[in-house]
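Could you build all of it, start to finish, from the sequences and the hints given here?
Protein chains: 4
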Amino acid sequence: MSTPTIREPVFTLTSGPVDAYPAVLRGLSRTIHYDYDPVFQAFYEQVVEKARAAMRLSTRPVILHGEPVLGLEAAAASLIARDDVVLNLASGVYGKGFGYWAKRYCAELVEIEVPYNEAIDPESVARMLRERPDIRIVSACHHDTPSGTINPVEAIGRIVAEHGAYLIVDAVSSFGGMDVHPEACRADIFVTGPNKCLGGAPGLSLLGVSDRAWAKMKANPDAPRASMLSILDWEHAWSREKPFPFTPSVAEVNGLDAALDQYLAEGPEAVWARHALTARACRAGLQAMGLALWPAREAIASPTTTAVQVPDGVADEALRRAARERYGVTFSAGRGETLGKLVRIGHMGPTAQPLYAVVAISALGGALGVLGHPVDIGRGVAAAMAAIDAG
Amino acid sequence: MSTPTIREPVFTLTSGPVDAYPAVLRGLSRTIHYDYDPVFQAFYEQVVEKARAAMRLSTRPVILHGEPVLGLEAAAASLIARDDVVLNLASGVYGKGFGYWAKRYCAELVEIEVPYNEAIDPESVARMLRERPDIRIVSACHHDTPSGTINPVEAIGRIVAEHGAYLIVDAVSSFGGMDVHPEACRADIFVTGPNKCLGGAPGLSLLGVSDRAWAKMKANPDAPRASMLSILDWEHAWSREKPFPFTPSVAEVNGLDAALDQYLAEGPEAVWARHALTARACRAGLQAMGLALWPAREAIASPTTTAVQVPDGVADEALRRAARERYGVTFSAGRGETLGKLVRIGHMGPTAQPLYAVVAISALGGALGVLGHPVDIGRGVAAAMAAIDAG
Amino acid sequence: MSTPTIREPVFTLTSGPVDAYPAVLRGLSRTIHYDYDPVFQAFYEQVVEKARAAMRLSTRPVILHGEPVLGLEAAAASLIARDDVVLNLASGVYGKGFGYWAKRYCAELVEIEVPYNEAIDPESVARMLRERPDIRIVSACHHDTPSGTINPVEAIGRIVAEHGAYLIVDAVSSFGGMDVHPEACRADIFVTGPNKCLGGAPGLSLLGVSDRAWAKMKANPDAPRASMLSILDWEHAWSREKPFPFTPSVAEVNGLDAALDQYLAEGPEAVWARHALTARACRAGLQAMGLALWPAREAIASPTTTAVQVPDGVADEALRRAARERYGVTFSAGRGETLGKLVRIGHMGPTAQPLYAVVAISALGGALGVLGHPVDIGRGVAAAMAAIDAG
Amino acid sequence: MSTPTIREPVFTLTSGPVDAYPAVLRGLSRTIHYDYDPVFQAFYEQVVEKARAAMRLSTRPVILHGEPVLGLEAAAASLIARDDVVLNLASGVYGKGFGYWAKRYCAELVEIEVPYNEAIDPESVARMLRERPDIRIVSACHHDTPSGTINPVEAIGRIVAEHGAYLIVDAVSSFGGMDVHPEACRADIFVTGPNKCLGGAPGLSLLGVSDRAWAKMKANPDAPRASMLSILDWEHAWSREKPFPFTPSVAEVNGLDAALDQYLAEGPEAVWARHALTARACRAGLQAMGLALWPAREAIASPTTTAVQVPDGVADEALRRAARERYGVTFSAGRGETLGKLVRIGHMGPTAQPLYAVVAISALGGALGVLGHPVDIGRGVAAAMAAIDAG
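Chains as they are written, first to last, in full-length UniProt numbering: chain H, 1 to 391; chain Z, 1 to 391; chain X, 1 to 391; chain B, 1 to 391.
Take these hints with a grain of salt, some might be off.
Note that identical chains are pooled: a pair holds if it fits in a single copy or bridges any two copies.
Stated by the list, open to error - In silico BS3-like pairs for lysine-lysine, Cα to Cα no more than 27 Å straight-line:
#, residue 1, residue 2
1, Lys218, Lys50
2, Lys218, Lys103
3, Lys341, Lys242
None of these hints come from the bench; they were simulated from the model.
This is how it looks when you write it as structure tokens:
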């Protein structure tokens, strides 16, 4: 190939894909078993059990064999019937995006939309449900990654449950990095995946599915069957006695197993704590350098991604390029409406360790300097260290 | 877990998933790069280039991020328009199965179906196309894996091309193990994947797409867009300059890269030769033991899977279980209509080495003995060795 | 490099190095920890504990950081004092070889030597010890690998213990593949390693050391200290509280940990049983093809290596080359006095699985045919299969 | 195990073992080949060729199969004859230590010793050689790791060459991280290894050996032969045609191959540059925080290890423990005479990247704060960033 060689990144501080834990990389290199070998069938059942433990579910989660957009699209296609009214809560690009899928399948799409640096007010959901008692399904994005903001899905879940509607929660980039679980937020379908806070590889979806969601999907004549988009096809696939609808992604399941082992062995509370501490340190450092967070207030800032506003007069792409070329640090850009306005620093899985906040602050601060917008990096790092020391 | 431990298989001689080459397993454990890191974008472009070289394509192949059922379903959903008449060629369970997908999307489904130990006669296709000049799309399964039979897709391709119809070819379990390529069979969409003869992991589809297939898909208003099932979304994703529709399965792409390197470095012709030799040795040995091949005649037997009839009075499941428990060898069962009637011995990727035929013959022969149907294993192995020595 | 590419072997059926278990290969790729990181210090202590469990020792074994020739040389250099009379038992090239090291350090070397297809008669040891009451150290090779023969070290151990002498046992290529342990044979220093029957990598020695051996070494002013050859330097290195004399081979320790896990999880008795069964099947098959075992009688044939005589008129090197080139199977040659006279088929670790006997028989039989000395492979395989079925 | 779990380190910033490059970890997990398989014999020859290229040698380097203490002990044992007068240059614990080995083998040991924060003055060597024309061998440690200081081996080499003596150079922890090569410093034996700046695993030694060193060793009747300590045994082992004295550490050779590929592909000059820049940034930051370097002056500070004085009133062990426990960062302690007086920050292989200096400064500064000796971390990081930006 005549391609000029590009240097490997030194630190990948993105909001995903993030580099996997070393144990996950070794997990990915395990023997590829034949899916109907009894060893694999028993193993698959055990992995589903581990995912259930991690997700704190009373029902068995479903593994879908594509990255979480598959889980989200499949949830929309399976749960939403053609006569359903869907309320989509949009506080960012991902929440908004789910509405496009929902629209494909539902009778009517109702939306609550707030500025993309804000979070959904549960009260507004309650109001809307009172206004529109025909709403049958509510969809919420827990962590709207392109904004780095968190929605109060537990409070929303209580309101939706009282109303009797079904709730779909996208927790792809928050689960595993903070205390969010399907049953705690009363989600009927809760979608996550191994590649964000679990420090796994992209390529699978993990779905928590309530009993009543199974019933609704089965009653939905349009729910995909015999399709990549089907959830129903996989209902019994967890069992070593039952066939797979098609060949599972064996290597990804091997990697997921390792990621779940890592998470459960370290202890979820400990994992969440280091995500939160890293984010606190990062926010403290950025603000000390005079930069502004993208979220309207710190209370809604995600512990798994820090979104920081790009200062006036700075081009986002040039900023990220400078960080990458000068310091070897890769950050994420915004997406859609937030593209160009913010830079995102991921704190996920192996990079959710406080000193990575120092790395991020130094590289971002340095890159601003490269572009002629010097900031006081020393002040930033000192603030981050103080936050770490405060614990 | 209270699960009693199941012994690992010693030899996985299935028709897929097969164990991957060691270099692929190491490939799967490479660093998970952020998909928009310039290193990954350049790498992805190079992998597509390698796939193009392996597939001997003049256009760029598309990687879809799910195992080949995704590729096949996406091909049906994307290429078939609601006013198309589709001719599906069914000589086995997989060929027949594609018809169900085709039916979802087309105006009318026409089928040529032959017994599942037979191959499609190109003449019958020519006849049908003369009878039904309105046929717009023809679909063919090159290697109908559950039967271990090969269809003459090059001859079929010439006839379809003369007629002016579009051709979809499923070469999932033959490409990489024998001389079959998209342009040689004039396929408009040619679907394969890394987990069969390339000795990779399941989790990706590889599609060869002709220029006119792109045009037809773009003109199809029902072709999936913004969906896991979309091919169109990925048209430009090969380019380091262009975005991905969603996060690619980074580890799988890493593994595919290693599988393609292995294939191209060994040399396709050498790889096909060892697949063919292993299959010849296997067939010779089985027949010398008095067993009957499933394919109606050896000329249509696949070089990548040997399907052998289960003798009367023997239960297929007991036979495979005996091979697994006594000798540690895993074989594949039949599927659907062929389930219970045959056992399949895969010769794919790392197991396409002549002495694996000896392993297979010994284990299958031994298992028959365990079940009270002794065969002359010595005779079988001697015949296999003679076939190997004949080269 | 302009080197013409050599095809990878398909089956490595040697008496070591053998390919490692997949779990060991993954173990070797674990993070390289700093040796004084508390994680590594605790880990090292645990690995020594696992080795102690596997070796069924009441004292802590010592890991030396070089392949077992280091262990053997260090044992000679450390235990043998300049005024010691040493009795070396030589029934093969390795047993004989130890005498050369012993001679370097002792006052007088006495030897019992038997033909290299024979085993040491314990009675002869008893006689010699009666004749030479001044013998202070006895050295025995349990499995003289270049001959594929086993010496009765437990019986010898009892006699040596009654005499009060010290016993050095080389069990490098037998431990882990059969029931042999330091205390059962009353060895004062028992040398083995991970790369034979444990299916690990070459690069470490494992030493069982009795309390009185420690005392004797400490009293020996010539025992190496501050040297690669020192055992004494490592006495306390097992403890997480104590320093290492020099940097341990971290990756090898990682691999050893995985090998020990594999051994202990499968269960030593189960592991020995499959080594024994594979060897029985292999011997049955070779003899049925009219080939002669190298050991004078089957009772002394090793369960971990089958040594077979090269038939008259056949060149050993051509035979091994034919097996490698035609069938992809690598065998071991003889060494020293046995070189050219025999071929060795290893049954070690991952290859100690009965069907590998069939692979070996087919490849060796086929190679004889290639050289114009045809044998009845069918008969050989049938006999091997009968032995496997007899269990 | 009842062992309480210890958290994994987040950053291993030691002077070795350092964590290996990911490509090295994958290299370590390659198939373990039989050492006499033609694939391995050709591979070993190629690895020696790559090592020759990396070491810029005209003769073939020797791989010894134990970590570099083996290489150093073997060099002393092999090159030094019993009638040799050896001049050992001691500017630190490692240089001094070599003298103990030299003394074992030589007629007389002469030493030049300087304070352990100083470097050897070439002029003093010239003087000594004039005074003692009978000096036959000179030994020098290039990077005395426990002091983080560099000796001017090129200047020393010129003087020794003029005198006609032999030169042994220990470049274990500098080669690969800066411009130092056997022939440039006229070393007769030059010892290094893969685990420091090459980012490989500990477990091998790499020796550059001059033609006249080979001649002298061969003429030395005491040079080890048939021993782990032998260099002579390995003279021809590089050749695919020649036997190995004993089984090489196959996995380590696989890892070395990957480490050499990485080094040669990135380009030695680029690798040295990032080591130097990281060290410069680290020194700038430490000094800006008011800490004192251990080396007497910056000109002799190593680009691969920064040794910093432990401030008065601070306990070295508590300091390193605080960095490890609070921030997950592991540093190296001093050794011997420097133990307790300094802390060492490694810049080797994968950690020789400028932002690791920021990590080190933050963690060390933070740990000082934990112990009640606060420093201005912000100032430190700002200075480090300025050094990085100055390039």
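Evaluation of the provided hints:
For the homomeric pair lysine 218 and lysine 50, the shortest alpha-carbon distance inside one copy (26 Å) is at most 27 Å, but the shortest distance between copies (43 Å) is not. With identical chains, the CA atoms of lysine 218 and lysine 103 are at most 27 Å apart both within one copy (20 Å) and between copies (22 Å). When the C-alpha separation of lysine 341 and lysine 242 is checked against a cutoff of 27 Å, the pair qualifies only between copies, where the shortest distance is 20 Å, while the shortest distance within a copy is 49 Å.
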